[in-house]
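Participant: So you can see what is in the structure, the chains are spelled out below.
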Amino acid sequence: MTRRRRAERRRGLLLVAPALLALVALTVYPGIWVLWLSLQHRVPIFEVSRFAALDNYAFLAGDPRFWNAARTTGLFTVLSVALELVLGVGAALALHGQRRGRRLALALLLLAWAMPSVVAAKLFEWLYHPAAGLFNVLLAGRPLNWLGDPSLALPAVILADVWRTMPFVAILCYARLLSIPAELYEAAQVDGAGRLATLGRITLPLLGRILLLAALFRTLDALRAFDIMYVLTGGGPANTTETLTVYAYRSLFQMLQLGFGSAVSVVVFVLVMGVAWAYLRLLRGRTVAA
Amino acid sequence: MRRPVALFLLGLVLGGCAGDASERGAVTLVFKYARILGPADPLPGLLREFEAAHPRVRVKGESLPWTSDEQHQFYVINLEGRSPGFDLMMLDVIWAPEFARAGWLLDLTPHLVPGELAPHFPSTVEAATHDGRVWALPWTMNVGLLYYRADLLARHGLEPPASFEELVSQVRRIRSAERDPALEGYLWQGKQYEGLVVNVLEAFWASGTRLLAEDGTVFPEPARAAEALGFLRALIEAGVSPAWTTAADEELSRRAFGDGHAIFLRNWPYALDLFEAPGSAVRGRVGIAPLPGRAGGPRGAGSTGGAHLGVSRRSRHPALALALARFLTSERAQKAIALGAALSPTREALYHDADLVRRRPSLPVIHALARAGRPRPVTPYYLLLSATVQPEFSAALVGVKSPRRAIADARARLDHFLGAIR
Chain A
1 MTRRRRAERR RGLLLVAPAL LALVALTVYP GIWVLWLSLQ HRVPIFEVSR
51 FAALDNYAFL AGDPRFWNAA RTTGLFTVLS VALELVLGVG AALALHGQRR
101 GRRLALALLL LAWAMPSVVA AKLFEWLYHP AAGLFNVLLA GRPLNWLGDP
151 SLALPAVILA DVWRTMPFVA ILCYARLLSI PAELYEAAQV DGAGRLATLG
201 RITLPLLGRI LLLAALFRTL DALRAFDIMY VLTGGGPANT TETLTVYAYR
251 SLFQMLQLGF GSAVSVVVFV LVMGVAWAYL RLLRGRTVAA
Chain B
1 MRRPVALFLL GLVLGGCAGD ASERGAVTLV FKYARILGPA DPLPGLLREF
51 EAAHPRVRVK GESLPWTSDE QHQFYVINLE GRSPGFDLMM LDVIWAPEFA
101 RAGWLLDLTP HLVPGELAPH FPSTVEAATH DGRVWALPWT MNVGLLYYRA
151 DLLARHGLEP PASFEELVSQ VRRIRSAERD PALEGYLWQG KQYEGLVVNV
201 LEAFWASGTR LLAEDGTVFP EPARAAEALG FLRALIEAGV SPAWTTAADE
251 ELSRRAFGDG HAIFLRNWPY ALDLFEAPGS AVRGRVGIAP LPGRAGGPRG
301 AGSTGGAHLG VSRRSRHPAL ALALARFLTS ERAQKAIALG AALSPTREAL
351 YHDADLVRRR PSLPVIHALA RAGRPRPVTP YYLLLSATVQ PEFSAALVGV
401 KSPRRAIADA RARLDHFLGA IR
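Residue numbers (our numbering), protein chains in the order written: chain A, 1 to 290; chain B, 1 to 422.
Just so you know, these hints were derived from the structure itself, not from any lab. Any given hint could be a false lead.
[As the list claims (entries may be wrong)] Simulated coverage check for chain A against chain B, where a stretch passes if three residues somewhere in it have a Cβ under 8 angstroms from a Cβ of chain B:
#, segment
1, 43-53
2, 227-236
3, 249-255
Don't be surprised by glycine CBs; every beta carbon is placed ideally from N, CA and C.
Kindly produce the complete structure, drawing on both the sequences and the hints.
Facilitator: Here's what the structure looks like:
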């Protein structure tokens, strides 16, 4: 390495240092602190603070409430992300094929996405109202106990989440669709490809990367889902909608079990990191292939 | 010569910290409270009144987040983080022992005049007491009670039920005669949240058992507790209470009753003003009564609720903060609050005050109910207790677990967590 390059490198390091320091202060330090907390029995307001090694994790391993929350988180993530992707692509295709009112449709889609999730949850609380809610009015005479039935509550929460976040996927895909050159479609038409063939051979493959990206963002969000179930059901009935983050919140801020609650948070963190890593590998693989 | 200058400068700095530099030497008290709903929030007026009586004091009323959960979270973060950002705080009635044990509250015992708290309901004083010392002043009162449709009961020649068994038979009789498929029987709160714990506790008391014994045992009589829980579940299974009870909070059940869709409702006194408001579907047709007991068991009792005022131990002006707490809990202030909002006072004499009774004729009846009311377990671990039993009670209500199993599971979990603390 020449002297000049070394100097340049040093200057580069100096320039990224503030950003790096900020990252360390804002994420790495609290992260390590939470990890440290999770190894303790800590209920500070009652002056309980002692090292517990892996006790908290050992309790989690045999804790049915934890495993239930883990299962709920998994189900919620897989189902809501899958639905969001399918409906999002559908909405994007519909939008792309539409001639009139496209701006209006886009604005409406954005409206749902722009709504804070607590507001969306409140809206759905009304839609699910046992007597006056839209869903039960439509079901005339055979009302469902949307938020109070252990087998319906999670689907009801997923539906609310899909409604709010599907537009995110739709708009990303729509933007990608706009950038597909028209010649490709013209060529397909000349070659006599039907609509289905065009969709399967041109549109979807070209959407692939952006879909993977959308799935990554949505999955990471869904794994940490909190507000929608917190407002709609509070985790009930019978904890059927309690996700890991809701469990962590209850342990930390209601039960004031800082050590134990941190252990739950660490599990969420590891889960999110693992999934993010897997997605990034997939994305990288696709880039090389393309 | 030097010293006065330094002191002057220090005063400037402190004054600057407290807020307005133009009010040099003035003290700013920060009061954290939840905004009072209703046409006229009486608090700003009361705070100005306090300022008028204390010329060098400014009171800043800062509103808390909306729900009790979020308020608790706010306090935990700020108090544990040693923030001196507020002097006086509104506390949910279930928090005083926890906050006291955590060292966040000023011990008021040495400052109290003998007999000062005697005019308040004994149960509100009990809820503010931990380790034999008083940590907060009672501010507002709440009690669970039974609303009934007086018109429907009168039409069928019935008196308000004294026992739940009677309530069930009245529901059957009225519904079969009215032939209105939209008319529900008994509404209460079964969603997985604090309200569910309140409802289950009331069922425990009606069955003669408790959640927490004096010696700290949880579920001292598990079989009885399971029976009470099973009774609540049976109300839903038999259709006496609608299936959606398992998702019902206060407002959901209050609205259904207010629309005329139910015969009985368990709720707090605030609902009465809404039922009697102009345009209400049940105006003039609602009666209130004590919560029923169980046949052959003790009399029913409603759970008490409400708020206390506590002085932060980190307050730089504890004497002034206490003066403000005394003023806000005074007879004058509690009367103004009861006139302006649907909140009930903790001072018993006000329930027979002529002006108040003219405005809210139900007050004398509510007084008797509140007197018979019981506090939720008064313990620093109440929130831990509640957060642990909520999902178990909910599981029993929706039939995912048997009541016995739910009680056993709740006990095992509590033993683990309380063991770590004790």
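Participant: Would you mind marking each hint as holding or not holding in the structure?
Facilitator: Results of checking the hints against the structure:
no.: 1; hint: 43-53; in the structure: holds (count 5)
no.: 2; hint: 227-236; in the structure: holds (count 4)
no.: 3; hint: 249-255; in the structure: holds (count 4)
In the structure shown, no violation is registered for any of the earlier numbered hints.
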